[in-house]
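Colleague: For reference, the chains in residue letters:
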Amino acid sequence: MSTSVAERRSPLLKLFAWSFLLLWLVLAAFPFLWTFWGSFKVEGDFFSKADWMWAIIGHLTEAETGSTFTGAGYEGAWIQEEFWKSALNTLIVVVCVVTISLTIGTLAGYALSRSTFNYAFWLLIIALIFRAMPPITLVSGYLLPFYEWNLWGKLPTAIIVLVAINQPFTLWMLTSFFKNIPKDLDESAMVDGCTHFQAFRHVIIPVMWPGVITTGLFSLLLAYNDFAVTAMILSKENQTMVPKIASFLGTTQTKGNVMFAVASVVSVTAPLFVLVMFFQRQIVSGLTAGAVKG
Amino acid sequence: MKHKTFFWFVLPTSLAMLLFIALPIVSVVMQSVYAPHEQVVIEVDNCDIFGCTKSTMVDQEATGKLRDAEPLGRFVGTDIYVNRSHLAITEISLAWQNSAGMGEFLSEVMNLPFYRALAFTLTYTFVVTPLVLILGFMIAVAVNSIPSVLRGPTIFLSLLPMIITPLIGSLILFWMIDSRGIIGTLIQYLAGDPSLSMKASTPLTWVMLMVYGVWHSAPFAFVVYYAGLQSVPKDTLESAMIDGASRWQQIRYVIIPHLVPLTTFIALMQLMDNFRVFEPIVSFNASAHATSLSYFIYDDLGGETRLLSSAAATSVLTIVGVAVLLTPVLIRTWRDFGRSKT
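Chains A and B, in that order, give the protein sequences. For the first sequence, my numbering assigns the number 1 to the initial residue and increments by one for each residue that follows. For the second sequence, my numbering assigns the number 295 to the initial residue and increments by one for each residue that follows.
One or more of the hints may lead you astray.
As the list claims (entries may be wrong) - Not the full set, but computed from the structure, chain B residues with beta-carbon under 7 Å of chain A: (1) PHE300; (2) PRO306; (3) ALA310; (4) ASP362; (5) SER439; (6) VAL443; (7) LEU461; (8) LEU465; (9) VAL517; (10) MET566; (11) LEU595; (12) LEU601; (13) ALA605; (14) LEU620.
Said to hold, decoys possible - Non-contacting residues of chain B with respect to chain A, defined by C-beta distances greater than 10 Å in every case (computed): (15) GLU332; (16) LEU388; (17) TRP390.
To be clear, the hints were calculated from the coordinates, so they are not data collected in a lab. From the three backbone atoms N, C-alpha and C, an ideal C-beta is built for every residue, glycine too.
Next up, chain A with everything else stripped away, as it sits in the complex:
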C-alpha cells in the first residue's frame, strides 16, 4: 500500500505511536513468555519471594534438580495426574463439536441467507438472544433432567450441549458469509432443473469453504475454551482440559503441585498458539465479518 499524503505524520506522533505499540505488545505477549519459561522451574523459583531474578536463572531449580530446567511439572501433570486423558477428551469433544455444528449450521445458514420471510429474521433474532445468554444460566436447566435420564457426566452429552450453545454464533457468521455468495449462482442452477438441495450441494458447497473454515475455527475455540458447561456437566473421569486445570487449583495446592497447573496451562496454550500462527488471516476475517459487511 502506498503512503498517501493524508497518512503523513509528524515525527512526535510517530514516536508516540511506536512506543505505545511496543508497550502493548509487551503487555500482550510477555505473560505467555514468562509462564512458558517459568513452567520449567520449581515452585520456589516461579513464585520467588527472595529475588524475582530466580524465576529467570532458576536458582532453586538448580539446587533441587541439578539443572536450571526441569520437566517435573509436565511429568507430574501429564503422567501422575493423568492430564493426557483430559487432553484426549478435549480432542474428542472439539472434533465432534466442530463437525456437527458446521454440518447443521451450513444448512441453516444457507437457508437463512436466501430467505426474505419474516420468520427467517425472527430465527436470527432468537439466535442473537440465545447468543447473549451466559451459558451457565442454561446449565442450571440441564442438571435436573440430565440426572433424571442418566445423561449427566458423559462426553456425548457435553458435545451435544456445546453444539447447541455454538449454533447461534455459527448461524450468524455463516449467514453473513452466504449472503456474500451471489444468489445468481444457485438460482441459475435451479433454472437448469436442480432442486434447492442439489443446487446447494453442487454449486454452493464448492465455493463455501473459506467461510466455513473461518466459522469452524471459532466453533473450535468456543468448544476448546469452554469452562462453564464442561465443568458442570462432565464427571471427574470425563473432564476436559480446562475444568481439569481448575480442579488442580482446588485440590492440589500443596508444594510443587502448583507447577502441575502451570505446566498444564502451558500445554493448553500451545495448540492455540499454533492455531493463531496458521489461521491468523481467517481469524481476523472472521472477527470482522459481522462488522464490516453488516
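Mind docking chain B on chain A? Use the hints.
Modeller: Coordinates of chain B only, in the frame set by chain A:
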C-alpha cells in the same frame, strides 16, 4: 426459497436450539418456582427402663413417597425470588426504613449476595466495555501507522490475549500478580509496601479483574477497528486534505464517522460478553471480594449441596438482565431489517 425447503434446511439447527437452549430455559423457570421437599419428620418414643424420651427422626419412606409424587418439589411461587439470597424485598425495605443515609443503605444492600453480584457485573460491564473500545482503537491506529512488513507479527502477538482460554489467561495473570509473582513484586516495590497483596483488598481485586477484562477483550476491538481503518475511503480523505482540513479534522469528520457502525458492533458484542464475566473470578479465587451473576449461579450449582432452585432463580434474573441490555439493539436490528427488505 420455498417455505418447505427452508423448513428442512433449518430443522437440525432449530431442533438443537429448541432442545438445548429453549427447553432448558423453561426448565430453569420451572425449577425457580419449586423448592425441594423438606424431609418428613416424625416423632418417636424411645422407651427403655429409665422411661420414655421423645426424639425426632426422618421418615425416609414418607419423604421418598412425597418426592415421587411431586418430583419437581413443592410449589413456592415467587418465594425464591424474593428471599434473602435473591431480590431480598424484605431486607431492602427494612434497610430503606432503618438506614440514616444513602451510604448506609447502599452498604446494607451490598451485603446481600444477589445485589453484590449484580453490582460487580454491571460495574465490570460498563467499565470494561468503553476501555476496550478506547484501547482497541489506539492499538489499531498505531498498527496502521507502522510498515506493513511488521503488521503480521504485531497482529499475531496482539491476538494472543483474546484467543487464549479465559480461565487460563486469567490464571497466567493471577500467578504474575501473586505477591510472590513478578508483577506483584513490582507493585510492592513501587508502592513501597512489601506486605501489599492484591488478593486481600476488595478495590484492588475489582481493579485486577477489570484490567484482565480489558487485556482479554482489547484485541477484538483492535482487529475490528484495524479492518475498518483499511477501508477508510481514501478519496474522501485526500479531498478533505486538499480542502485544508487539519489532521484532527480529518479524523473527526472522515475517519470517525466511518468507524461509528463498527463501534456499535464492538460495544454490542462486548456488552454481551462482559455481562457473563465468570472465569476470571474462578481463576483469581476472588469470590470473597467480587462475585458476578454467572459466578453466583456456578457457586450454587457446585459444591456439596446443589442449590438448583436458587441457581435457577438467579439464572432467570440474569436472563431478564440480558434481555434489558439487548432491547435497544433488537429494536435497531428490526429497523435495519425493515429497511433491507424495501
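Colleague: Work down the list of hints and note, for each, if the structure agrees.
Modeller: Tested hints:
A distance limit of 7 Å between C-beta atoms decides the matter here; for PHE300 (chain B) the minimum to chain A is near 5 Å, and the interface restraint holds. Annotation: interface hint on PRO306 (chain B) holds; nearest CB of chain A at approximately 4 Å, less than 7 Å. Because the closest C-beta pair between ALA310 (chain B) and chain A is about 4 Å apart, less than 7 Å, the hint holds. Annotation: interface hint on ASP362 (chain B) violated; nearest CB of chain A at approximately 12 Å, more than 7 Å.
For SER439 (chain B), the interface hint holds, the least distance from its beta-carbon to any beta-carbon of chain A being 5 Å, beneath 7 Å. Below 7 Å, beta-carbon pairs count as interface contacts, and VAL443 (chain B) has none with chain A, the closest being about 12 Å; its hint is therefore violated. The criterion of a C-beta within 7 Å of any C-beta in chain A is met by LEU461 (chain B), whose closest approach is roughly 5 Å, and the hint holds. For LEU465 (chain B), the interface hint holds, the least distance from its beta-carbon to any beta-carbon of chain A being 6 Å, beneath 7 Å.
Here the hint on VAL517 (chain B) is kept, as its CB sits about 5 Å from the closest CB of chain A, short of 7 Å. Checking MET566 (chain B) against chain A: minimum C-beta separation of about 4 Å stays under 7 Å; hint holds. Interface restraint check for LEU595 (chain B): the shortest CB-CB distance to chain A comes to about 6 Å, inside 7 Å, so the restraint holds. Because the beta carbon of LEU601 (chain B) sits about 9 Å from the nearest beta carbon in chain A, more than 7 Å, this interface hint is broken.
Because the smallest distance between the Cβ of ALA605 (chain B) and any Cβ of chain A comes to about 4 Å, under 7 Å, the interface hint for this residue holds. Contact between LEU620 (chain B) and chain A, as hinted, is supported at the beta carbon level, the nearest pair being about 6 Å apart and thus within 7 Å. For GLU332 (chain B), the condition that its CB be more than 10 Å from all CB atoms of chain A holds, with the nearest at approximately 18 Å. Annotated as non-interface, LEU388 (chain B) keeps its C-beta farther than 10 Å from every C-beta of chain A; the closest such distance is 29 Å.
Look at TRP390 (chain B): its CB is around 29 Å from the nearest CB on chain A, clear of 10 Å, so calling it non-interface holds up.
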